[in-house]
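Participant: Chain by chain, the residues run as shown.
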Amino acid sequence: MPELNVQAETQERDRHSHHHGHDHHEKAVKRSWKDSNFYGVMQRFAKNKVSVVGLIIIILLVLTAIFAEQIAPYNYRRIDPAHANQLPSAAHWFGTDAQGRDIFSRIVFGARYSLSIGVIASLVGTLLGILFGALAGFFGGWVETVILRICDIIQSIPNILLCICVSQVFGSGFFATAMALSVYSIPGTTRLLRATMMSVREQEFVEAAKAIDCSPMRIMFKHILPNCMAPLIVSFSMAIGMKIMSSAGLSFLGLGIQEPIPEWGAMISAGRRYLRVAPHLVIFPGLFVALVVLSFNLVGDGLRDALDPKLRK
Amino acid sequence: MAKLIELKHLKKYFPTSKGALHAVDDVTFDIEEGTTMGVVGESGCGKSTLGRTIIHLHESTDGQIFYRGKDITQVSKSEMSELRHKMQIIFQDPNSSLNPRMTVEDTIREPMKLSKRFSRAEIDDRVNELMHRVGIDRRMRQAYPHELDGGRRQRVGIARALAMDPEFIVCDEPVSALDVSIQAQILNLLQDLQRDHHLTYMFVTHDMSVVRHLSDNICVMYLGQVVEICEAKEIFRRPLHPYTQVLLSAIPSTDLNDQRERIITKGELSSPINPKPGCRFAARCAYACEKCMQPQQLAEVEPGHHVACCRIHELNQ
Chain A
1 MPELNVQAET QERDRHSHHH GHDHHEKAVK RSWKDSNFYG VMQRFAKNKV
51 SVVGLIIIIL LVLTAIFAEQ IAPYNYRRID PAHANQLPSA AHWFGTDAQG
101 RDIFSRIVFG ARYSLSIGVI ASLVGTLLGI LFGALAGFFG GWVETVILRI
151 CDIIQSIPNI LLCICVSQVF GSGFFATAMA LSVYSIPGTT RLLRATMMSV
201 REQEFVEAAK AIDCSPMRIM FKHILPNCMA PLIVSFSMAI GMKIMSSAGL
251 SFLGLGIQEP IPEWGAMISA GRRYLRVAPH LVIFPGLFVA LVVLSFNLVG
301 DGLRDALDPK LRK
Chain B
1 MAKLIELKHL KKYFPTSKGA LHAVDDVTFD IEEGTTMGVV GESGCGKSTL
51 GRTIIHLHES TDGQIFYRGK DITQVSKSEM SELRHKMQII FQDPNSSLNP
101 RMTVEDTIRE PMKLSKRFSR AEIDDRVNEL MHRVGIDRRM RQAYPHELDG
151 GRRQRVGIAR ALAMDPEFIV CDEPVSALDV SIQAQILNLL QDLQRDHHLT
201 YMFVTHDMSV VRHLSDNICV MYLGQVVEIC EAKEIFRRPL HPYTQVLLSA
251 IPSTDLNDQR ERIITKGELS SPINPKPGCR FAARCAYACE KCMQPQQLAE
301 VEPGHHVACC RIHELNQ
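Residue numbers (the numbering used here), protein chains in the order written: chain A, 1 to 313; chain B, 1 to 317.
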């Protein structure tokens with residue numbers, strides 16, 4: 001407990017001031033940033049070693065994406081048919097692909113596309129899901145019925161088919177793909193938030209808030225939503241991994257991001273034809289997809305535990 | 001003494017798929033200023049719903065509620081805010097009645113912040129004062145509810161209820177979730193607060209020994225209806241309604257020479273959904289007869305002692 005030290009010092013003064021009815025020292029007790037909620041969350045997160053490893057991997061991948069030009073040893077577009085499908089060597093750490101392009105350089109640049117598409121798609125999906133879930137939970141009645149029935153309809157369409165439809169409408173660029181990927185996670189988040197809200201609003205502190213004259217908006221934003229965040233954060237971070245995989249799936253089908261952009265899914269898709277002769281074309285991008293999905297899941301788990309004040313020790 | 005709360009034929013029905021659930025059915029009584037009205041009955045008899053309907057956490061279905069003689073059954077939004085300040089509630093379960101993401105200080109501060117009646121400095125002073133008043137140490141200010149024990153949490157709930165200087169507080173089983181050792185502390189605190197702030201309580205509980213400790217009047221409910229209402233002493237001295245007699249016989253005694261007979265009822269609580277007219281206790285009552293199938297009226301049997309039982313004179317001779 002970081003605040004204990006500060007309070008131990010002030011306790012004596014506090015006791016003294018009780019007898020005088022007022023305490024003028026009150027203002028002097030500045031709350032340092034260490035008392036803030038964020039610091040507490042960070043501290044609890046830091047105790048979970050496995051999640052920290054996940055976070056470090058993510059940070060490394062993000063840095064890789066930012067400094068791709070400096071890190072990549074070759075131009076990821078440079079074609080060299082003379083050295084096609086080479087196995088990993090000192091010159092080409094991860095080998096070369098069918099066009100003789102350096103796989104390591106392509107993966108380094110691919111981090112930009114894969115990470116940002118995962119983050120953007122799940123951010124958009126989660127935010128829209130929160131919006132619709134909150135609307136359903138807040139208004140109830142016919143608003144809720146309409147929203148949930150639309151969710152039913154969306155969820156009755158197979159994910160990949162939905163992505164195909166949406167990317168047909170929006171085109172096959174980067175943002176179009178991100179939109180297509182975000183659509184199918186909206187119903188899930190909507191339902192998750194609504195279900196969490198149903199259980200939270202049954203609790204007596206919501207009634208207490210009503211009794212002290214909180215407006216419905218305040219009850220919603222101050223009392224109900226903050227207590228619904230933990231599952232949403234977990235679903236958000238897990239969704240990032242899912243989106244990266246789905247994006248890979250779309251690229252594989254010839255939709256979504258296409259060659260020559262070195263998105264990891266597109267690389268797997270391009271490499272599958274050489275699976276027998278040069279499996280490393282698929283293995284390396286596949287490993288990175290797995291690594292990033294795993295890392296986001298670990299961070300998601302760690303965040304859930306850190307955000308739940310009940311687990312504070 | 002003036003009447004603070006008057007209820008006239010108050011009804012609260014909840015619609016269910018099987019029909020209307022009569023949670024509170026035609027309740028009429030008064031609560032005088034500065035007194036405590038104990039409301040007792042087994043679980044599911046509508047006593048909590050009654051409390052919540054009075055302070056407008058539930059909308060009443062029918063009937064009227066008067067506050068200091070003024071009809072408050074239907075009120076505008078601004079009148080409602082004013083009423084919320086005057087009428088408060090203390091909840092049963094201190095585990096769920098505090099927002100887990102708000103510190104002790106924030107929880108107590110919130111009603112004052114919302115009312116805009118106080119300046120920031122005044123609010124700070126009042127938070128300190130309230131914490132002191134309900135007996136929470138100052139170093140708990142930044143604590144979250146889960147870091148406190150049940151008794152302290154309940155004290156925070158009490159401080160929040162007191163923040164706006166209310167006149168009327170519904171205590172909804174405020175001690176039934178606490179350890180026995182802490183129950184007494186909280187009850188004493190509630191009594192002290194009543195004395196110092198001239199509060200009026202409606203004390204909802206199923207624990208007869210608790211109401212005996214602090215009620216001036218007692219109202220016994222069964223399936224949404226009041227079956228007996230009178231002064232606290234009187235009800236323990238001379239319970240008249242057969243249900244009250246059953247309820248009192250269930251109080252455990254520590255006296256070894258106590259020769260009281262435990263009255264065991266047969267049958268089960270009948271359904272509160274679309275109940276039949278007539279006495280709702282009749283199905284379990286040892287004295288039930290033809291007449292009990294007719295609707296029962298709450299009648300003054302003795303001065304200040306109201307009972308809803310048609311055989312009351314035959315039975316208590």
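No lab work stands behind these hints, which were simulated from the structure alone. By construction, the Cβ of each residue, glycine as well, lies at the ideal position given by its N, Cα and C atoms. Wrong hints could be hidden among the right ones.
[Claimed, not checked] Quick list of simulated restraints, FRET-style, between CB atoms:
id, chain 1, residue 1, chain 2, residue 2, range
1, A, G173, B, F14, 51 to 61 Å
2, A, I150, B, E42, 40 to 50 Å
3, A, G140, B, Q297, 36 to 46 Å
4, B, H198, A, D152, 31 to 41 Å
5, A, D152, B, Q297, 34 to 44 Å
6, B, A286, A, D152, 22 to 32 Å
7, A, M198, B, F66, 46 to 56 Å
8, B, D149, A, N159, 41 to 51 Å
9, B, D62, A, E202, 41 to 51 Å
[What the hints assert, rightly or not] Only pairs whose alpha carbons sit at most 27 Å apart, straight line, appear in this in silico BS3-like list of lysine-lysine:
id, chain 1, residue 1, chain 2, residue 2
10, B, K291, A, K210
11, B, K8, B, K77
12, A, K222, B, K116
13, B, K86, B, K113
14, B, K86, A, K210
15, B, K11, B, K113
16, A, K222, B, K3
17, A, K210, B, K11
18, B, K86, A, K222
19, B, K291, B, K266
20, B, K3, B, K233
21, A, K210, B, K8
22, B, K113, A, K210
23, A, K222, B, K113
24, B, K116, B, K86
25, A, K210, B, K116
26, A, K210, B, K233
27, B, K291, B, K8
28, A, K210, B, K77
29, B, K116, B, K11
30, B, K276, B, K291
31, B, K3, B, K86
32, B, K11, B, K276
33, B, K266, B, K276
34, B, K18, B, K70
35, B, K18, B, K276
Participant: Evaluate each hint against the coordinates.
Facilitator: Comparing the hints with the structure gives:
| no. | hint | in the structure |
| --- | --- | --- |
| 1 | A:G173 with B:F14: 51 to 61 Å | holds, 54 Å |
| 2 | A:I150 with B:E42: 40 to 50 Å | holds, 45 Å |
| 3 | A:G140 with B:Q297: 36 to 46 Å | holds, 39 Å |
| 4 | B:H198 with A:D152: 31 to 41 Å | violated, 56 Å |
| 5 | A:D152 with B:Q297: 34 to 44 Å | violated, 52 Å |
| 6 | B:A286 with A:D152: 22 to 32 Å | violated, 55 Å |
| 7 | A:M198 with B:F66: 46 to 56 Å | violated, 35 Å |
| 8 | B:D149 with A:N159: 41 to 51 Å | holds, 48 Å |
| 9 | B:D62 with A:E202: 41 to 51 Å | violated, 26 Å |
| 10 | B:K291 with A:K210 | violated, 44 Å |
| 11 | B:K8 with B:K77 | holds, 23 Å |
| 12 | A:K222 with B:K116 | holds, 18 Å |
| 13 | B:K86 with B:K113 | holds, 16 Å |
| 14 | B:K86 with A:K210 | holds, 14 Å |
| 15 | B:K11 with B:K113 | violated, 34 Å |
| 16 | A:K222 with B:K3 | violated, 37 Å |
| 17 | A:K210 with B:K11 | holds, 21 Å |
| 18 | B:K86 with A:K222 | holds, 23 Å |
| 19 | B:K291 with B:K266 | holds, 20 Å |
| 20 | B:K3 with B:K233 | holds, 20 Å |
| 21 | A:K210 with B:K8 | holds, 24 Å |
| 22 | B:K113 with A:K210 | holds, 14 Å |
| 23 | A:K222 with B:K113 | holds, 13 Å |
| 24 | B:K116 with B:K86 | holds, 15 Å |
| 25 | A:K210 with B:K116 | holds, 16 Å |
| 26 | A:K210 with B:K233 | violated, 35 Å |
| 27 | B:K291 with B:K8 | holds, 25 Å |
| 28 | A:K210 with B:K77 | holds, 13 Å |
| 29 | B:K116 with B:K11 | violated, 34 Å |
| 30 | B:K276 with B:K291 | holds, 14 Å |
| 31 | B:K3 with B:K86 | holds, 15 Å |
| 32 | B:K11 with B:K276 | holds, 16 Å |
| 33 | B:K266 with B:K276 | holds, 19 Å |
| 34 | B:K18 with B:K70 | violated, 36 Å |
| 35 | B:K18 with B:K276 | holds, 14 Å |
The structure fails hints 4, 5, 6, 7, 9, 10, 15, 16, 26, 29 and 34 (numbered hints given earlier, in ascending order).
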